[in-house]
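Asker: Listed here are the chains, written in short residue letters.
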Amino acid sequence: MELLIFYPLALVSVILAFLVVFNKNAIGSAVCLIGMMLGLAGVFVLMQAHFLAILQVIVYAGAIMVLFMFVIMLLNLKDDDKGWKMRERNVWLTSGTGVLMIGVLYKFMDTTAEAEFNSPATVPDNFGTAELVGTSLFTDFVLPFEVASILLLAAMVGAVVLAKSKVD
Amino acid sequence: MVPLSHYLIFSATLFSIGVLGVLIRRNAIVVFMCVEIMLNAVNVSLIAFDRYMNQHDGQIFSFMVMCVAAAEVSVGLAIVIALFRNKATVNLDEINLMKW
Amino acid sequence: MSFVSLAFLVPLFPLIGSIINGFFGLKIGKDRVSWVACAGPVMSFAVTLILLFSTFFHPEGTPYPEQSLFTWIAAGDLVIDFGFQIDPLSLVMMMVVTGVGSIIHIYSIGYMYEEYSYYRYFAYLNLFLFSMLLLVMGNNLLVMFIGWEGVGVCSYFLIGYYFEKKSACDAGVKAFVVNRVGDFAFLLGIFGIFKMFGTIDFTEVMTAAPTTLIYDGEAATLITLALFIGATGKSAQIPLYTWLPDAMEGPTPVSALIHAATMVTAGVYMVVRCSALFNMAPLTMMIIALVGGGTALFAATIGCTQWDIKRVLAYSTVSQIGYMFLACGVGAYTAAIFHLVTHAFFKACLFLGSGSVIHGMHHEQDIRKMGGLKDHFPITYVTFLVSTIAIAGIFPFSGFFSKDEILYHALMDGNVIYWGMGISGAFITAFYMFRLVFLTFHGPSHVDPHVHPHESPKVMTLPLIILAFLALTGGILGIPLIHGWHVLHNWLEPVLAFDLETALHASEVMLAEHGHHTSFAEVLHEAQNKSHNIWLEITLMIFSVGVALAGIATAWFFYIKKPELPGKLTKGQWGFDLVENKYYVDEFYDETIVKPVVKGSDLLWRQADARGVDGVVNGVAWVIKLFSRAASSFQSGFVRNYALIMVMGFIFLMIVSQIEI
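If you read the protein sequences in the order shown, they are chains A, B and C.
Per our numbering, residue 1 is the first one in the first sequence, and the count goes up by one each step.
Per our numbering, residue 1 is the first one in the second sequence, and the count goes up by one each step.
Per our numbering, residue 1 is the first one in the third sequence, and the count goes up by one each step.
Note that these hints are calculated values from the structure, not bench results.
Among the clues, some could well be false.
Unchecked claim - Here are the simulated PhoX-like pairs of lysine-lysine, each with C-alpha atoms no more than 20 Å apart in a straight line:
(1) C:Lys369 - C:Lys595
(2) C:Lys374 - C:Lys561
(3) A:Lys107 - B:Lys87
(4) C:Lys166 - C:Lys369
(5) C:Lys369 - C:Lys562
(6) A:Lys166 - B:Lys87
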């Protein structure tokens, strides 16, 4: 049953990811990326990680991708001719690397997934809810949480400084 | 029941596509977006393991990944804007001043 | 009441004078410099006199006092202390050095007064005196060696005093380098002595010599040969004499002090001090006698042909020191020291007299441009004449007594060949010295009209008078024939006494231990049966005076009676040209030794160092540059390449992690 939901979602996500890479213009890539993220949010829900699914939609698809769109539209880029191009010297190298990568990753993942992981473990009812995630975030993992906030502050300041115009 | 390996292969595929995009695309912003694809793929993998082992650490970590991705995107795009101001292009082939 | 504790003052006074003059001389003015400079040697002379008188009361048979200042080196078996030894031999040398040194210092005040670097001269001269005193007062070979090197260095400084002249600088370097060759041999000798005796203290070595060394053995011969080569370097004998004539580039009082009275006699002193060692090596003694006699003759012939007043005197010095070594070579050490003392008197007087002439002639040194100067330089002329008669060896001047004693011993203790070399040298000595007198002071004047010769001031003529007086009366130290009246012999005998019988006996025992059975009986017999024939001695004396007079007469004939004759006879003669060019010895050395060394050094520099060593070092850098150039091609500045390499690395790591080891 879950497989029926999983396969279409996964397929759509992969196709959209492909489209991100092989799209001619940047806006098209951004839109495909949004779609991919929504698909992933669906996969999260399938895995009963509800909180993170919501976060994915709000933060990733909602804030980060919007930022991307802003910048693309700000820069007002012309169409990238041919969309993608490999350096002549690197064609074979890159292709080979890609193939190799896929093969290795496949092998990697395959050996990791043992038979006993074929069925998911029994999880409590509040698995993946905001309550559970929030509790552990504020008790076990409070330090990374705080550090992350400082990181965000630093990123904010850095972004402002970097993007400031040179005037005054 | 979806076996874990399915999720993992899904994650791996997404990751490879992201890497491919980084290597191939010339537009700096699109390269960034491919980096986002990679990060998302990792998120999928993390949560999959969480589900199948009844832990919540992966979700927290995934949370942090999202947080870091946000920070990274903002700073990175600021750099791209600064770069664009100087060179009027985001074509990676033309940004090659740091050679020996 | 031993005054030996005052011994350290003797070298200290000139040292302090040297330091004061060296550092502050330019500021304190010439007159103060003169006072400081002369105070040193004079005070040292006074202390030496005190030590001399205290030694008169020294009981016989006991060892002479030493003053050890501090233990200098204590390294395992090698224990050397820095000390002074006040025995008759060193006292004789100290008297000569400080006495003649003081006189020459006073003379220098007049001679060098117009010089700008007045203070530098006196600083070096006092430093020289300090080194020379260390040399003669040292109680072991190492302190002597310090003094030895010190006088070499001061000689270099003083010869190159007029350093604006290239010839002076070259002469200074030549003196130092040739000396160095001798010093190397001297050092080898010192090492040999340490190896054989385990100590380099004079008293210990000399008392142990008869019983430690084998008579006429290899150790004795080699050590003494090495020491003698060192002495030839310092005392300008064949083959290391070439520096002395060139050393005349220095100021004349320097030539008087260093190259007549003191430094060049250091070699003789060293040989006499180590007489016990030399007595054990008859082969070396023969070489010394031959070299000494040969040098005496050789240098005398060159002296006949030189035209520079100082060069004639320089070759005369080489020749006279040859006599001293001839005496050492036949075992007549007292005669050698006697001749050393009288030579110091008359040669210093001659040099200072020539300095007076040069000074009065405004630094003209060529005797062909002189002549008839006896009216212009009355005092100088008289003192010069007195000293020349002394060097010719006419009774009753001092030179007669010392030279005659050498000739007598050369015949009696040596053989007729030595005597023959000596007597021919005496004839030639009388000849060229009077040639010098006649050409300079007598005859028609060839003086350049622009030069107005005048007598020197009292500060210069007074030392001349003192030295001439000593040259006249110095013979009193060694009156022969009458037993017990030879003052110097009695004085030095405790130091030079050598028991040949014990030595030979000990050597026989040592050789027998190694399975060689020899008998030194004939040697002992020959040594003990030396006859002492008074009539032979008187005959020899009369004969040598006659030879000297003949030399003077020959010179008078050639330079007063028929002055045009020498020029006519020698014109175009290849023999004369050979001698006038000093037998081309300098050129020979230059070709055979100097040029190959310079070429070798050039080769080592250009090939071995610049190309070889530098090449290796640069080559390493070149290889590194090569590799780094290859490695830096990674930094293409092309971001996508970087990403590609990162991914490839990641894949590589993953593959590696999957491989089961």
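Asker: If you draw a straight line from the CA of Lys166 (chain A) to the CA of Lys87 (chain B), is it 20 Å or shorter?
Answerer: The given pair, whose Cα atoms are some 14 Å apart, holds under the 20 Å limit.
Asker: For the pair supplied as a hint, Lys374 (chain C) and Lys561 (chain C), confirm whether the alpha-carbon distance does not exceed 20 Å.
Answerer: holds (18 Å)
Asker: Against the 20 Å threshold, does the CA-CA distance of Lys369 (chain C) and Lys562 (chain C) hold or violate the hint?
Answerer: Distance ~18 Å between Lys369 (chain C) and Lys562 (chain C) Cα, so the pair holds.
Asker: Are Lys369 (chain C) and Lys595 (chain C) close enough, with their CA atoms no more than 20 Å apart?
Answerer: Cα-Cα ~36 Å, so violated.
Asker: Are the Cα positions of Lys166 (chain C) and Lys369 (chain C) separated by 20 Å at most?
Answerer: violated (24 Å)
Asker: Could you grab the alpha-carbon distance between Lys107 (chain A) and Lys87 (chain B) and see if it respects the 20 Å cut-off?
Answerer: violated (43 Å)
Of the numbered hints listed earlier, those contradicted by the structure are 1, 3 and 4.
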